[in-house]
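Participant: As you go down the protein sequences, you meet chains A and B in turn. Heads up: the first sequence begins at 1 in my numbering, then just goes up one per residue. Heads up: the second sequence begins at 1 in my numbering, then just goes up one per residue.
One should not assume that every hint holds.
[Said to hold, decoys possible] Calculated pairs, DSS-like style, for lysine-lysine (alpha carbon to alpha carbon, straight line, at most 25 Å):
(1) B:260 - A:287
(2) B:91 - A:286
(3) B:90 - A:287
(4) B:200 - A:292
[Said to hold, decoys possible] Cβ pair distances, simulated, as ranges:
(5) A:128 - B:287: 27 to 37 Å
(6) B:64 - A:227: 47 to 57 Å
(7) A:312 - B:111: 48 to 58 Å
(8) B:182 - A:329: 27 to 37 Å
(9) B:77 - A:303: 36 to 46 Å
(10) A:175 - B:310: 36 to 46 Å
(11) A:34 - B:2: 34 to 44 Å
(12) B:123 - A:325: 26 to 36 Å
(13) A:129 - B:287: 19 to 29 Å
(14) A:303 - B:182: 21 to 31 Å
(15) B:71 - A:224: 56 to 66 Å
(16) A:227 - B:56: 44 to 54 Å
(17) B:318 - A:333: 46 to 56 Å
(18) B:261 - A:122: 25 to 35 Å
By construction, these hints were calculated from the structure, which means they are not laboratory data. These numbers were taken from a predicted model, which means no experiment stands behind them. Virtual Cβ for every residue (Gly too), placed ideally from N, Cα, C.
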Amino acid sequence: MGAVRATDEERRVGHGEVILDVENLVKYFPLRRGFAQSLKGGPDLAVKAVDGVTFNVKKGELFGVVGESGCGKTTMGRTILRLLEPTDGKVVFEDTDVTALDPEEVKKLRRRMQIIFQDPYESMNPRLDVSRIIAEPLRIQGIVKNAVDARPYIEKALEDVEMTPPEEYLFRYPHELSGGQRQRIAVARALVLDPEFIVADEPVSMLDVSIRGEILNLMLNLCRERGVTFLYITHDLATARHICDRIAVMYLGKIVEKGPTDSLVKHPLHPYTRALIGAVFVPDPKKKGFGKVLSGEVPNPVNPPSGCRLHPRCPVCRDICKEVEPELVEAENNHMVACHFALG
Amino acid sequence: MALLEVRDLKMYYKTLRGHVKAVDSVSFDIERGEALGIAGESGCGKSSMANTVLRLLPSNGKIHGGSITLDGVEILKLDDETFRESIRWKKISMVFQGAMNALNPVHRIGDQIVEAILTHEDIPHAEAVERTEQLLDMVGINPKRFKEYPHEFSGGMKQRVVIAMALACNPDVIVADEPTTALDVMVQSQVLKAMEDLRKRLDLSMMLITHDLSVIAQTCDKIAIMYAGKIVEYGSVIDVYENPTHPYGMGLVKAFPNIKAERTRVRSLPGFPPNLLAPPEGCRFHPRCPLADRTCMEEEPRLIEIGSNSHKVACHKVDMLERGVDIWEQ
Chain A
1 MGAVRATDEE
11 RRVGHGEVIL
21 DVENLVKYFP
31 LRRGFAQSLK
41 GGPDLAVKAV
51 DGVTFNVKKG
61 ELFGVVGESG
71 CGKTTMGRTI
81 LRLLEPTDGK
91 VVFEDTDVTA
101 LDPEEVKKLR
111 RRMQIIFQDP
121 YESMNPRLDV
131 SRIIAEPLRI
141 QGIVKNAVDA
151 RPYIEKALED
161 VEMTPPEEYL
171 FRYPHELSGG
181 QRQRIAVARA
191 LVLDPEFIVA
201 DEPVSMLDVS
211 IRGEILNLML
221 NLCRERGVTF
231 LYITHDLATA
241 RHICDRIAVM
251 YLGKIVEKGP
261 TDSLVKHPLH
271 PYTRALIGAV
281 FVPDPKKKGF
291 GKVLSGEVPN
301 PVNPPSGCRL
311 HPRCPVCRDI
321 CKEVEPELVE
331 AENNHMVACH
341 FALG
Chain B
1 MALLEVRDLK
11 MYYKTLRGHV
21 KAVDSVSFDI
31 ERGEALGIAG
41 ESGCGKSSMA
51 NTVLRLLPSN
61 GKIHGGSITL
71 DGVEILKLDD
81 ETFRESIRWK
91 KISMVFQGAM
101 NALNPVHRIG
111 DQIVEAILTH
121 EDIPHAEAVE
131 RTEQLLDMVG
141 INPKRFKEYP
151 HEFSGGMKQR
161 VVIAMALACN
171 PDVIVADEPT
181 TALDVMVQSQ
191 VLKAMEDLRK
201 RLDLSMMLIT
211 HDLSVIAQTC
221 DKIAIMYAGK
231 IVEYGSVIDV
241 YENPTHPYGM
251 GLVKAFPNIK
261 AERTRVRSLP
271 GFPPNLLAPP
281 EGCRFHPRCP
291 LADRTCMEEE
301 PRLIEIGSNS
311 HKVACHKVDM
321 LERGVDIWEQ
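The following block holds chain A by itself, in its conformation from the complex:
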């Protein structure tokens, strides 16, 4: 398969027009309280999954969002597409305010914004064959009237994901395909509408290591050759680093650091990013040794810590961190960090 070398990100970043602008996006999931509890009063509780996230994605860019489970990255991806309703904030896609659209308009927008889900075993109807799985978006959008009309679109989509000849796969069912092939079908389903923007939510975490590269390189090719913009959501900093132009690191519903990939990975400024990089094992037995990681685990997002959310686990925490929440500010060229004592 045609693997593409991930190079010249630095040149690409900073240029290009913005395709997606996310401003102070907030998504809370209210907690239901029992009758007795509601009599007692007190503030309404909510899981603060995404709590004020601001960033933009440039046209033709592969933008990575990295974080541990529960940091709100998946919720953020879904809220951007209005698969979940935002609590507050604004998402502007090209010149459309996504957050202000009515359901009919959201449906139309799906032609331009698509998603690839994590689990290729669960995200497909086992009773539909490949041709019908890929034709579904066409049918929903009313682009084709019948299966005959849909055929050229489906074949093109299959060719785009390098499943050739398409005839060989058209009438297979998901259970007849390997995990990697299934995830290609998921990519083909997202591509069939020829979208400009795709959210890829952990597209390789369920796949074996030996075939992860296939899907990642496929995304990279689509991005570089067809100009499709990707938001790559993952917990795996190592893969993000290899394909993304820019990366944002999330912790407890907030972006703590974002910047061009090389700058962020080689010179992490936030203690959390640094620990995250330290925790990634290296497949090299000569470099044994556990990196410095933070103690404890991610706290409950119902009651996030005051001030800087990392402060109970942070090795450089001082008094101000417990009270004042740090803003995301530019530290270096395009490299933003939210920390009172950003590491140099």
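Chain A is fixed; fit chain B onto it per the hints.
Facilitator: Structure of chain B alone, referenced to chain A:
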């Protein structure tokens, strides 16, 4: 003589469509205090092998030959009762895949460990409680949490409880099947570090089963790479990572993105593993191998030693590979 010696172990699952050869003539050694990593794609038989060693097989899984000796004693010949009483948990214990869900949600975690001790040893309850507290302390959990329930623990803490449980009867060997797969990177690092410290301190041997080669690089001394029920490459981690020689081993090692090295493209191995009901003739990797020729399709390669240090490879093309050709480069 090694502490655990496995020779030509065969375990097949009987199904309506024939035998699934999940473990097919597998041999390896683990010395005292040594850690062996077993790597491979899902479905390659690595978990089946762990379950075979501990005899935790479903009713259709049958051992079809081979030998397993522990400290010079053939344990494959023991009857089930003796095996359960004197080997499992006392000599070889296990940390299961998804162990966080292996705890009983309605019992206190301390009681669950006490139960594991009392099942295997005839000691007073108070002594078992005392040992449990020591075990909790050893894995980095405050013994005061003895009376808490699993839901009061986070994922990483539950994993530590399960590790404490595996250590309950002072085993010689621990079999850990994907012990950290469900955990976040940072928690994974904490748990593996705790395991590593304990292993060194107690001079434990370990068999670590994982698909994650970076975990093996960090924690193991030796590695066995399995493909379709067979070991295709075996040796010290240094030898195998520096000089992977089997085409599959080479592909797998290179498919792993390294965050500390220069950025390269992400590699992958085309194709997918075979159906073990009807594995390919000859070398099982031949349908995916860029070097495969007629011999590979007809003759099964044997695991032979290359170089020194008992680095072994099962490939007909070994001469060609030793010259350091990168066969996956395009």
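Participant: Now, for every hint given, state plainly whether the structure supports it.
Facilitator: Status of each hint after checking the structure:
With a CA separation close to 10 Å, the supplied pair residue 260 of chain B and residue 287 of chain A stays within the 25 Å bound. Proposed proximity of residue 91 of chain B and residue 286 of chain A is contradicted: the alpha carbons are some 31 Å apart, above 25 Å. Using a Cα cut-off of 25 Å, the hinted pair residue 90 of chain B and residue 287 of chain A is violated, with the two alpha carbons roughly 34 Å apart. Taking the CA atoms of residue 200 of chain B and residue 292 of chain A, the gap is near 20 Å; set against the 25 Å cutoff, the hint holds.
At about 29 Å, the beta-carbon gap between residue 128 of chain A and residue 287 of chain B stays in the expected band of 27 to 37 Å. The beta-carbon spacing between residue 64 of chain B and residue 227 of chain A, approximately 56 Å, falls within the hinted interval of 47 to 57 Å. The hinted range of 48 to 58 Å is not satisfied by residue 312 of chain A and residue 111 of chain B, whose Cβ atoms lie roughly 30 Å apart. Take residue 182 of chain B and residue 329 of chain A: their Cβ atoms lie about 36 Å apart, and the range 27 to 37 Å holds.
Checked against the given bound of 36 to 46 Å, the beta carbons of residue 77 of chain B and residue 303 of chain A, roughly 58 Å apart, lie outside it. For residue 175 of chain A paired with residue 310 of chain B, a C-beta distance near 42 Å keeps the hint of 36 to 46 Å intact. Evaluation of the 34 to 44 Å hint for residue 34 of chain A and residue 2 of chain B yields a failure: the beta carbon distance comes to about 60 Å. For the pair residue 123 of chain B and residue 325 of chain A, the supplied restraint of 26 to 36 Å is violated, since their beta-carbon distance comes to about 54 Å.
Between residue 129 of chain A and residue 287 of chain B the Cβ separation comes to about 25 Å, which falls inside the hinted range of 19 to 29 Å. As the Cβ distance of residue 303 of chain A to residue 182 of chain B is approximately 25 Å, the hint placing it in 21 to 31 Å holds. In this structure the hint that residue 71 of chain B and residue 224 of chain A lie 56 to 66 Å apart at CB holds, the actual value being about 57 Å. At about 52 Å, the beta-carbon gap between residue 227 of chain A and residue 56 of chain B stays in the expected band of 44 to 54 Å.
For the pair residue 318 of chain B and residue 333 of chain A, the beta carbons lie near 50 Å from each other, so the given range of 46 to 56 Å is met. For the hinted restraint 25 to 35 Å between residue 261 of chain B and residue 122 of chain A, the CB-CB distance of approximately 34 Å keeps it satisfied.
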